[in-house]
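Quick note: to get the numbering used here, add 8 to the position in the sequence shown (first position is 1).
Quick caveat, the hints were computed from the structure, so don't treat them as lab data.
Fair warning: this is a prediction, and the values are worked out from it, not measured in the lab.
Be a bit skeptical, because a hint or two may be false.
Computed beta-carbon distance windows for the label pairs [what the hints assert, rightly or not]: (1) L81 x V37: 55 to 61 Å; (2) Q14 x V37: 32 to 38 Å; (3) V67 x V37: 42 to 48 Å; (4) V67 x R32: 50 to 56 Å; (5) I26 x E61: 52 to 58 Å; (6) Y48 x E86: 33 to 39 Å; (7) T49 x T75: 49 to 55 Å; (8) L35 x Q55: 29 to 35 Å; (9) L88 x M30: 22 to 28 Å.
Backbone N, C-alpha and C define an ideal beta-carbon position, used for all residues, glycine too.
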Amino acid sequence: MIVLDQHTIWILIPLAAIVASMWRRWLRVKEKQLDAQSRYTAEATAQYAAHTEMLEHRVRVLERIATDKGIDLSDEIERLRDKPLN
9 MIVLDQHTIW ILIPLAAIVA SMWRRWLRVK EKQLDAQSRY TAEATAQYAA HTEMLEHRVR
69 VLERIATDKG IDLSDEIERL RDKPLN
(Lines of atoms letter the chains of each structure in order from A; the text may use other names.)
(Lines give C-alpha, C1' and ligand atoms only; values in the text may rest on other atoms or scores of the structure.)
Protein backbone atom coordinates (compact mmCIF):
# COMPACT_ATOMS: atom_id res chain seq x y z
CA MET A 9 0.00 0.00 0.00
CA ILE A 10 1.27 3.46 -0.93
CA VAL A 11 1.22 6.07 1.79
CA LEU A 12 1.19 9.68 0.59
CA ASP A 13 2.19 12.55 2.80
CA GLN A 14 0.78 16.08 2.52
CA HIS A 15 3.61 17.39 0.33
CA THR A 16 3.21 14.60 -2.20
CA ILE A 17 -0.54 15.21 -2.51
CA TRP A 18 0.04 18.94 -3.16
CA ILE A 19 2.40 18.02 -5.98
CA LEU A 20 0.14 15.35 -7.49
CA ILE A 21 -2.97 17.57 -7.68
CA PRO A 22 -1.44 20.14 -10.09
CA LEU A 23 0.23 17.34 -12.06
CA ALA A 24 -3.13 15.62 -12.48
CA ALA A 25 -4.64 18.89 -13.73
CA ILE A 26 -1.79 19.34 -16.23
CA VAL A 27 -2.12 15.77 -17.48
CA ALA A 28 -5.91 16.17 -17.81
CA SER A 29 -5.42 19.38 -19.81
CA MET A 30 -2.92 17.69 -22.13
CA TRP A 31 -5.32 14.77 -22.58
CA ARG A 32 -8.16 17.12 -23.56
CA ARG A 33 -5.93 18.86 -26.13
CA TRP A 34 -4.88 15.52 -27.59
CA LEU A 35 -8.53 14.48 -27.86
CA ARG A 36 -9.38 17.76 -29.66
CA VAL A 37 -6.56 17.17 -32.15
CA LYS A 38 -7.77 13.62 -32.79
CA GLU A 39 -11.34 14.89 -33.25
CA LYS A 40 -10.15 17.45 -35.83
CA GLN A 41 -8.19 14.74 -37.65
CA LEU A 42 -11.25 12.51 -37.82
CA ASP A 43 -13.38 15.41 -39.05
CA ALA A 44 -10.87 16.21 -41.80
CA GLN A 45 -10.71 12.55 -42.81
CA SER A 46 -14.52 12.39 -42.96
CA ARG A 47 -14.68 15.46 -45.20
CA TYR A 48 -12.01 14.01 -47.49
CA THR A 49 -13.83 10.69 -47.68
CA ALA A 50 -17.14 12.40 -48.48
CA GLU A 51 -15.48 14.45 -51.22
CA ALA A 52 -13.81 11.40 -52.74
CA THR A 53 -17.09 9.48 -52.63
CA ALA A 54 -18.90 12.29 -54.46
CA GLN A 55 -16.19 12.39 -57.12
CA TYR A 56 -16.33 8.61 -57.61
CA ALA A 57 -20.13 8.75 -57.85
CA ALA A 58 -19.99 11.48 -60.49
CA HIS A 59 -17.37 9.59 -62.48
CA THR A 60 -19.39 6.35 -62.24
CA GLU A 61 -22.52 8.15 -63.40
CA MET A 62 -20.67 9.55 -66.41
CA LEU A 63 -19.30 6.10 -67.29
CA GLU A 64 -22.76 4.55 -66.97
CA HIS A 65 -24.13 7.17 -69.34
CA ARG A 66 -21.40 6.40 -71.87
CA VAL A 67 -22.10 2.65 -71.61
CA ARG A 68 -25.82 3.28 -72.22
CA VAL A 69 -24.98 5.32 -75.32
CA LEU A 70 -22.62 2.60 -76.54
CA GLU A 71 -25.29 -0.06 -75.96
CA ARG A 72 -27.78 2.00 -77.93
CA ILE A 73 -25.25 2.52 -80.72
CA ALA A 74 -24.45 -1.19 -80.83
CA THR A 75 -28.12 -2.17 -81.07
CA ASP A 76 -29.36 0.74 -83.23
CA LYS A 77 -29.03 0.55 -86.98
CA GLY A 78 -30.08 4.16 -87.54
CA ILE A 79 -28.48 6.95 -89.55
CA ASP A 80 -27.24 8.88 -86.50
CA LEU A 81 -24.62 6.26 -85.65
CA SER A 82 -21.62 8.27 -86.84
CA ASP A 83 -22.90 11.41 -85.08
CA GLU A 84 -23.20 9.51 -81.78
CA ILE A 85 -19.69 8.11 -82.13
CA GLU A 86 -18.25 11.54 -82.88
CA ARG A 87 -20.02 13.05 -79.87
CA LEU A 88 -18.51 10.40 -77.64
CA ARG A 89 -15.04 11.06 -79.02
CA ASP A 90 -15.37 14.79 -78.39
CA LYS A 91 -16.31 14.40 -74.69
CA PRO A 92 -13.36 14.45 -72.27
CA LEU A 93 -13.15 11.66 -69.70
CA ASN A 94 -11.89 13.91 -66.87
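query: Which earlier hints turn out false for this structure, listed by number in ascending order?
result: 7 and 9
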